[in-house]
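Novice: So the sequences go chain by chain: A and B.
When the first sequence is numbered by the working numbering, its final residue is 231 and no position is left out of the sequence of numbers.
When the second sequence is numbered by the working numbering, its final residue is 712 and no position is left out of the sequence of numbers.
Hints may be right or wrong, so weigh each one.
[Claimed, not checked] Only part of the chain B face toward chain A is listed, based on derived beta-carbon distances under 7 Å:
#: 1; residue: S470
#: 2; residue: L587
#: 3; residue: R590
#: 4; residue: A614
#: 5; residue: F693
[Stated by the list, open to error] With a cut-off of at most 20 Å between alpha-carbon atoms, the simulated SDA-like pairs for lysine to any residue come out as follows:
#: 6; chain 1: A; residue 1: K65; chain 2: A; residue 2: G112
#: 7; chain 1: A; residue 1: K65; chain 2: A; residue 2: L203
#: 8; chain 1: A; residue 1: K65; chain 2: B; residue 2: R449
#: 9; chain 1: A; residue 1: K65; chain 2: B; residue 2: A689
#: 10; chain 1: A; residue 1: K65; chain 2: B; residue 2: E690
#: 11; chain 1: A; residue 1: K191; chain 2: A; residue 2: L203
#: 12; chain 1: A; residue 1: K65; chain 2: A; residue 2: R184
#: 13; chain 1: A; residue 1: K65; chain 2: B; residue 2: N687
#: 14; chain 1: A; residue 1: K191; chain 2: A; residue 2: S171
#: 15; chain 1: A; residue 1: K65; chain 2: B; residue 2: L640
#: 16; chain 1: A; residue 1: K191; chain 2: A; residue 2: A202
#: 17; chain 1: A; residue 1: K191; chain 2: A; residue 2: P140
#: 18; chain 1: A; residue 1: K191; chain 2: A; residue 2: Y88
#: 19; chain 1: A; residue 1: K65; chain 2: B; residue 2: N604
#: 20; chain 1: A; residue 1: K191; chain 2: A; residue 2: P169
#: 21; chain 1: A; residue 1: K191; chain 2: A; residue 2: P87
#: 22; chain 1: A; residue 1: K65; chain 2: A; residue 2: D38
#: 23; chain 1: A; residue 1: K65; chain 2: A; residue 2: W118
[Claimed, not checked] Distance ranges between label pairs, derived from CB positions:
#: 24; chain 1: B; residue 1: R667; chain 2: A; residue 2: G182; range: 30 to 36 Å
#: 25; chain 1: B; residue 1: T518; chain 2: A; residue 2: R193; range: 55 to 61 Å
#: 26; chain 1: A; residue 1: P140; chain 2: B; residue 2: P286; range: 28 to 34 Å
Think of the hints as simulated: they come from the structure by calculation, not from any bench.
A virtual CB, placed ideally from N, CA and C, is assigned to each residue, including glycine.
Spelled out, the chains give:
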Amino acid sequence: MAAPQSLDTVLNHPAIWRGGSCARVSTPSVPTGFAEFDAVLPGGGWPAAALTEIYVERPGIGELKLIMPAAARLTYAGRWVALVAPPYIPYAPALAAHGVRLARLMLVRTTGSADSLWACEQALRSAGCGAVLAWLDHAPERALRRLQLAAEGSDVVMLLFRSARGIPPSSAALRLHLGKTGGRTIVRVLKRRGAGIPTPVALDLHDPPAMRATAANLSVSGRLHRLAALP
Amino acid sequence: MLWLALHFPWLPLDVFARGTPAPEPLAVTSSAGTDAEVVACNRAARRRGVRAGMPLAAAWALAANLRIATRDVAAERAALERIAAWAAQFTSTINITAPAEVLLEIAGSLQLFGGLNSLWTRIEQGISALGYEGAIACAPTPLAAQLFARAGLAARIHHLDALRLGLDPLPLEVLGWPSRSVATLHDAGIHTFGACLALPRNGLARRLGQHVLDDLDRALGRLTDARPAFIPAAIFTSSLALPAPVQEAEPLTFAARRLLIELCGWLAATGQGAQRLRLALEHEDHTDTHITLELAAASRDPEHLVTVLRERLARVSLASPAVAITLAAELVTALAARNLTFLPDEQSRAETVARLIERLRARLGDESVRGLNTVADYRPELAWRVCEPDAQRDAGAPGPASNRPLWLLVSPEPLAEAAAAPCYDGLLTLVAGPERIESGWWDGNDVARDYFIARNPAEALFWIYRERRAGGGWFLHGFFA
Chain A
1 MAAPQSLDTV LNHPAIWRGG SCARVSTPSV PTGFAEFDAV LPGGGWPAAA LTEIYVERPG
61 IGELKLIMPA AARLTYAGRW VALVAPPYIP YAPALAAHGV RLARLMLVRT TGSADSLWAC
121 EQALRSAGCG AVLAWLDHAP ERALRRLQLA AEGSDVVMLL FRSARGIPPS SAALRLHLGK
181 TGGRTIVRVL KRRGAGIPTP VALDLHDPPA MRATAANLSV SGRLHRLAAL P
Chain B
232 MLWLALHFPW LPLDVFARGT PAPEPLAVTS SAGTDAEVVA CNRAARRRGV RAGMPLAAAW
292 ALAANLRIAT RDVAAERAAL ERIAAWAAQF TSTINITAPA EVLLEIAGSL QLFGGLNSLW
352 TRIEQGISAL GYEGAIACAP TPLAAQLFAR AGLAARIHHL DALRLGLDPL PLEVLGWPSR
412 SVATLHDAGI HTFGACLALP RNGLARRLGQ HVLDDLDRAL GRLTDARPAF IPAAIFTSSL
472 ALPAPVQEAE PLTFAARRLL IELCGWLAAT GQGAQRLRLA LEHEDHTDTH ITLELAAASR
532 DPEHLVTVLR ERLARVSLAS PAVAITLAAE LVTALAARNL TFLPDEQSRA ETVARLIERL
592 RARLGDESVR GLNTVADYRP ELAWRVCEPD AQRDAGAPGP ASNRPLWLLV SPEPLAEAAA
652 APCYDGLLTL VAGPERIESG WWDGNDVARD YFIARNPAEA LFWIYRERRA GGGWFLHGFF
712 A
């Protein structure tokens with residue numbers, strides 16, 4: 001008779017799905033670089049052959065920092081990252097400081113959502129891109145379906161950033177909502193494949209050592225309004 | 232030796248009709264006068280009752296919207312040369328026989344192209360992609376292949392022994408002898424090649440001439456048949472006359488596609504790839520429109536070139552309809568065939584991204600796809616620049632090691648102030664700083680600013696600065712996204 005196995009090994013059998021956890025979906029994915037975030041994503045990272053929608057409450061809460069580790073990993077592996085119609089200038093020194101290889105970054109400027117959608121489809125069809133990041137505010141459901149189908153035919157990570165004012169129903173494989181409270185970026189998964197909605201993940205994206213040190217300087221130097229009076 | 236003959240029975244018509252997909256009734260006449268005769272007409276005209284040999288007036292009566300083109304023998308000869316140049320990708324031994332045949336010697340090419348059947352299919356598909364209607368036949372001697380093709384038999388004979396059997400039933404008309412000789416033979420009851428062979432040779436030579444006997448011997452391979460070789464030109468330029476003036480992009484793309492396929496065949500034959508193409512559109516009452524296509528990487532893939540051209544033509548608006556298109560390859564470079572690899576590697580990935588960039592630029596404009604690079608400058612708005620994607624990177628100095636925001640505004644936005652403190656969606660509290668940047672006195676863009684990192688009540692992080700020169704004030708320069 002075989003030696004008795006521990007309960008954990010038995011329960012780790014791939015044919016068993018424990019109701020509370022995320023099903024082990026075998027989607028190809030790119031690790032996000034944040035362990036607590038990877039744990040709630042099917043496949044353990046940004047899904048590669050699917051459309052991911054990210055709803056951002058307002059700019060400046062860490063929406064780009066969330067994808068910097070994955071972008072750095074992809075660009076150093078030789079795959080390209082395309083930024084389609086970004087709302088502001090992606091600042092090259094900051095991107096380089098986050099580890100992104102600028103030689104594999106492509107900036108696509110378009111003059112309308114139709115052109116943006118077309119550019120995304122072309123980038124998804126090309127085998128050289130690793131990730132496509134697009135900023136689209138108004139996109140009809142039909143266009144998103146086409147993006148989803150184009151993404152499924154390739155192994156490119158497609159991230160679509162939209163404003164969180166009025167979240168329309170959509171057929172994207174993964175939908176995330178980003179907000180910020182208490183100094184930490186809160187990522188809420190609105191929809192994912194393989195399991196129900198997990199609890200929101202709180203990530204510390206904006207606490208680099210340099211800032212903490214200068215905050216200490218400020219408290220030492222006194223009240224803030226004295227800085228405003230400096231010549 | 233195995234010869235493949237391409238016979239184009241409708242060549243006078245095809246040189247005019249290949250530019251459009253669904254032509255109206257079109258007839259080619261022997262001369263420009265009103266007493267001309269119809270030489271050839273397309274299917275739409277034939278359905279109306281127009282036939283070859285009919286006087287032009289009768290053809291007009293049958294089909295009122297008939298388009299007329301005068302037969303252009305020079306264009307037919309040029310078309311045969313273009314077809315031969317395209318076919319040079321399959322073999323290096325090519326011969327053009329006026330008025331309507333191209334012969335290829337393919338015994339040496341069978342192994343590379345996977346056997347006679349796949350080579351035949353490729354050539355057949357290529358001919359129809361070029362816009363011509365042709366008959367193909369294959370035989371050990373060039374003349375026999377021509378005879379089979381003229382008779383419309385898609386013969387595939389590999390050995391001389393089987394040749395006699397295949398040639399026997401052919402009618403005498405395919406040999407192209409003078410009509411008097413053929414009439415003499417018909418009167419004697421000789422109608423086929425085999426019957427002609429059975430006649431006594433001396434009598435035949437005495438009655439009809441030695442050349443008749445020589446033709447029979449050359450067809451059977453008893454006499455050598457040396458044909459002058461065709462060499463593809465060193466420069467590619469090809470024209471297409473459109474049957475009707477065209478102004479929209481899609482019909483122009485259709486016509487240009489024919490020319491691009493010819494170009495790609497020539498490129499494959501000479502082992503080169505095109506990097507710069509010029510498309511000239513002729514107008515009746517206007518100077519020519521020239522469109523230049525620059526490719527980032529040399530290419531001879533017809534589908535890729537058609538895609539780039541289609542996007543480019545969609546952006547061009549023509550002042551008047553075009554009546555002819557000319558394609559010229561301005562810059563070609565040697566392009567070795569690519570070794571296929573099992574796994575996608577850096578080289579093939581770079582090629583696909585180069586094609587993606589070309590496609591995006593063809594539709595969105597050259598300035599719409601850029602790369603980013605850092606610049607060694609303390610002034611934040613000048614510490615970055617756009618460049619060619621994947622340009623050789625100069626080692627941009629890493630710059631100050633402090634924080635920089637991921638989003639930069641195109642131009643700094645002045646902030647409203649409330650109680651001597653800046654506001655953006657609420658009162659901003661300064662979290663870190665100040666970082667004093669004073670630089671750039673040498674080129675007139677001098678800055679003197681104190682940069683801070685600020686947070687608003689909604690917890691978004693901003694990069695703001697206080698202007699230290701005259702005027703002062705708080706400005707927003709970036710978001711810490």
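Novice: Does P140 (chain A) lie within 20 Å of K191 (chain A) when you go C-alpha to C-alpha?
Specialist: 19 Å, holds
Novice: Checking one constraint from the list: CA of K65 (chain A) to CA of G112 (chain A), max 20 Å. Satisfied?
Specialist: 26 Å, violated
Novice: For P140 (chain A) and P286 (chain B), compare the CB-CB distance with the range 28 to 34 Å and indicate the outcome.
Specialist: This hint is violated: roughly 60 Å between Cβ atoms.
Novice: For K65 (chain A) and W118 (chain A), compute the direct alpha-carbon distance and say whether it is at most 20 Å.
Specialist: Status violated; Cα separation ~26 Å.
Novice: Can you verify the interface hint for S470 (chain B): is its Cβ closer than 7 Å to any Cβ in chain A?
Specialist: Violated, because the Cβ-Cβ distance from S470 (chain B) to chain A comes to roughly 32 Å (cut-off 7 Å).
Novice: Going straight from one Cα to the other, do K191 (chain A) and L203 (chain A) come out at no more than 20 Å?
Specialist: Answer holds: K191 (chain A) to L203 (chain A) is near 19 Å, not above 20 Å.
Novice: Tell me if the beta carbons of R667 (chain B) and G182 (chain A) are separated by a distance inside 30 to 36 Å.
Specialist: 31 Å, holds
Novice: Between K191 (chain A) and S171 (chain A), does the CA-CA distance stay at or below 20 Å?
Specialist: 10 Å, holds
Novice: Once the shortest beta carbon distance from F693 (chain B) to chain A is found, is it less than 7 Å?
Specialist: Interface hint status for F693 (chain B): holds (6 Å vs cutoff 7 Å).
Novice: Would the hint on R590 (chain B) stand, with a C-beta cut-off of 7 Å toward chain A?
Specialist: Constraint on R590 (chain B) satisfied, holds at 6 Å.
Novice: Between the alpha carbons of K65 (chain A) and D38 (chain A), is the straight-line distance 20 Å or under?
Specialist: Distance ~15 Å between K65 (chain A) and D38 (chain A) Cα, so the pair holds.
Novice: Is K65 (chain A) close enough to N604 (chain B), meaning Cα to Cα at most 20 Å?
Specialist: 19 Å, holds
Taken one by one, the earlier hints fail for this structure at numbers 1, 6, 8, 18, 21, 23, 26, listed in ascending order.
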